[in-house]
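Undergrad: So you can see what is in the structure, the chains are spelled out below.
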Amino acid sequence: MPNALLPICISDLGLIKGDRPVLQGVNLRINEPGITVVMGPNGAGKTMFLRCLHGLITPDQGLITLGSLTVAGSRDEQAMVFQQPVLLRRTVLQNLAFAAPWIAKTDPRRLIQALESVNLDDRADQPARMLSGGEQQRLALARALLSEPALLLLDEATASLDPASVLLIESLVKVQSARGAKVILVSHDQSQARRLADEIVFISNGRVAEQSPADQFFTAPQTPMAKAYLAGEILF
Amino acid sequence: MDALSEAFRLIITLDADLFEILWLSIRVSLSALAISAVIGLPLGTWLAIAKFPGRKFFILLLNALMGMPPVVVGLIVYLLLSRSGPLGWLGLLYTPSAMIIAQVVLITPIIAALSNQVIEHLHQEYSDTFYSMGITGSRALMAYLVDARYALTTCILAGFGRAIAEVGAVIIVGGNIDHLTRVMTTAIALETSKGNLTLALGLGVVLLTLSLLVNALVIGVREYAAKRQYA
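For the protein sequence lines, the chains are H and Z, in the order given. For the first sequence, position 115 matches number 115 in the working numbering, and the numbering has no gaps at all. For the second sequence, position 95 matches number 1095 in the working numbering, and the numbering has no gaps at all.
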C-alpha cells in the first residue's frame, strides 16, 4: 500500500532562534519509502529540521507538505521518538495504555505483544521510570509504534544506549520500513547510518548540503563538508 | 505542669467537650479541603498548561492570594453572609457552613498556586511528548493530575495544615459559639483569655499532634514517590 505521507516536500524552510538562523532555505523532496538518515555536524539544524517536520516548531518561513497533507493535518499519521525518552509516572503497561486507550479497551493483548516486541513483557507492572536508559527508549519506541504511523521520526534515539538496545531498536526500525512506514532518523553514528540508511540527507549550517542514496554518500560524497565529516574531521 | 498533666488527662479520658471541638474542627477543615481541592487542582493545572493573554497576571494574583490575611478573608465572608449582605438570605452566618466557606476562600489559592508550580514543571517535561501523542485538552489535564498525584497530595496536605490551624477567619464568621461553631483554634484563644489553660493546652497538644501527623504524611508521600521515580 502506498504511503499517504509521500512525497515529503519542503520548500524554502527557514527558522530563526534568537537572532541566529538555525535553518535557512531548506529545500528537500523525499519521494521514496525506506529509511532516510539525517546527518551533519553538531548544531547544523538536524533536530530543528525534524521538529519542524513533526510540527513541534512552526518555521518562520517555508512550506512543508506530506503527500496531500500539511504538517498539522498529518499529525495523527506521525510518531516521534526523542533522544531523551519521556515516560509517564506510571507502570510500563500503563504507559502504553495511556498512549492507545482504544487498544487497551478493545484488544489489551496487543499491548503485551508490543512489550514483547521490545523485550519488556516481564517488566509490565514496574514503574516505567525505574527502567534503564535503553529499556526506557525501547518502551518509548513501542509506544510510538502502537499507532502504526506512516511516518516515524527518530531524533538520536539510540545515542548512548547499550548495544543490545541499539540492535533491537534498529531491527524494529527496519520492520517499520518494511511495513511501508517512512522512517526519518537523525544520527551522528556513521556505522548506524551505513547499517540502516537507504538515503542520506546531510545538513550543514542550517542548509541541506547533500541528499543522495546511502551507497553514493559513503563512497563518493559530493560536497567538501560531507567529505570532511565522513573523514572524522571536527566541523562547526 | 499541673495544667499540662490535666490536659493529657482530658485527651486520655476522651473528654467529651474536647472531642466535640476536635470533631467539628476536622469536619470543617476536611469539608473546606475537599471543596478547595476540587476547585484548586484543576484551576492550578489549567493555568499551567493553557495559553491565553493575562495568564501570568492570574498566576501572580493566585500567588498573592496565598498570603491573604485570614482576618481579611473573615471580614469579606462576614460582609457577604451578614443579613444585609448579598448572600445574607442564605442564613449561613455563625454556622459551620460559614466557616467552611471562609476556609475555602483561604486555602483554594494555596492549593491552586502550589499545584500550578508542580504542573508547570511537569508540563515542561511532558509537552513535546503529549503533542507528539496528540494528547490535548481534558485528557492532558487529567494526565497531569494523575502523574503529579504525589506532589499534589503534599499541596493538599499543606492546605489542610493551613485550614486546621486557622483562627482569624473562622472566629469572625463562626462566632465561636459553644457546641455549634467552636473549633480548636478559637477555643484555645477563648480558654486562654479566660485563664482556663487546661482545655487550651489539651487542644494545643492535639493541634500540634495533628500538625506533626500531616508533616509526617507529607514526608512519607514524598519518599514513597521518590522511591518509585514518581516524584
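Derived from the structure by calculation, the hints contain no laboratory data. Glycine is no exception: its CB is placed at the ideal position from the N, C-alpha and C atoms. A portion of the hints provided could be inaccurate.
Said to hold, decoys possible - Okay, the calculated beta carbon distance ranges per label pair:
| id | chain 1 | residue 1 | chain 2 | residue 2 | range |
| --- | --- | --- | --- | --- | --- |
| 1 | Z | L1180 | H | R109 | 57 to 63 Å |
| 2 | Z | L1060 | H | Q216 | 55 to 61 Å |
| 3 | H | R109 | Z | L1030 | 40 to 46 Å |
| 4 | H | G43 | Z | R1228 | 56 to 62 Å |
| 5 | Z | V1072 | H | R109 | 58 to 64 Å |
| 6 | Z | F1052 | H | L63 | 27 to 33 Å |
| 7 | Z | L1087 | H | A4 | 57 to 63 Å |
| 8 | H | A4 | Z | K1051 | 57 to 63 Å |
| 9 | H | V175 | Z | L1065 | 52 to 58 Å |
| 10 | Z | R1228 | H | Q216 | 47 to 53 Å |
| 11 | H | I16 | Z | K1051 | 18 to 24 Å |
Said to hold, decoys possible - Interface residues of chain H toward chain Z, partial, derived using beta-carbon atoms under 8 Å:
| id | residue |
| --- | --- |
| 12 | L63 |
| 13 | I64 |
| 14 | R75 |
| 15 | D76 |
| 16 | A79 |
| 17 | Q83 |
| 18 | W102 |
| 19 | K105 |
| 20 | F218 |
Undergrad: Do the beta carbons of F1052 of chain Z and L63 of chain H sit within 27 to 33 Å of each other?
TA: Given range 27 to 33 Å: holds, Cβ gap about 29 Å.
Undergrad: Range first: 58 to 64 Å. Now tell me if the beta carbons of V1072 of chain Z and R109 of chain H are that far apart.
TA: 59 Å, holds
Undergrad: Can you let me know if the beta-carbon spacing of A4 of chain H and K1051 of chain Z is within 57 to 63 Å?
TA: With a Cβ separation near 31 Å, A4 of chain H and K1051 of chain Z fall outside 57 to 63 Å, so the hint is violated.
Undergrad: Has the hinted range 18 to 24 Å been met by the Cβ atoms of I16 of chain H and K1051 of chain Z?
TA: Check passed, 21 Å falls within 18 to 24 Å.
Undergrad: Hint L63 of chain H vs chain Z: min CB-CB distance below 8 Å?
TA: Hint on L63 of chain H: violated, closest Cβ of chain Z at ~20 Å, above 8 Å.
Undergrad: How about W102 of chain H: closest beta carbon in chain Z under 8 Å, or not?
TA: Result: violated, 12 Å to nearest chain Z Cβ.
Undergrad: CB of G43 of chain H to CB of R1228 of chain Z, is that within 56 to 62 Å?
TA: 37 Å, violated
Undergrad: For the range 57 to 63 Å, tell me whether the beta carbons of L1180 of chain Z and R109 of chain H fit it or not.
TA: At roughly 60 Å between Cβ atoms, R109 of chain H and L1180 of chain Z fall inside 57 to 63 Å, so the hint holds.
Undergrad: Given K105 of chain H as an interface hint, is the shortest Cβ-Cβ distance to chain Z below 8 Å?
TA: 14 Å, violated
Undergrad: Taking 8 Å as the limit, does the beta-carbon of D76 of chain H come near enough to a beta-carbon in chain Z?
TA: Given a least distance of 6 Å, the restraint on D76 of chain H holds.
Undergrad: Hey, does the I64 of chain H contact hint survive, CB to chain Z under 8 Å?
TA: I64 of chain H check fails; min Cβ-Cβ to chain Z is 16 Å, beyond 8 Å.
Undergrad: With 8 Å as the cut and Cβ atoms as the points, is A79 of chain H at the interface with chain Z?
TA: 7 Å, holds
The structure fails hints 4, 8, 12, 13, 17, 18, 19, 20 (numbered hints given earlier, in ascending order).
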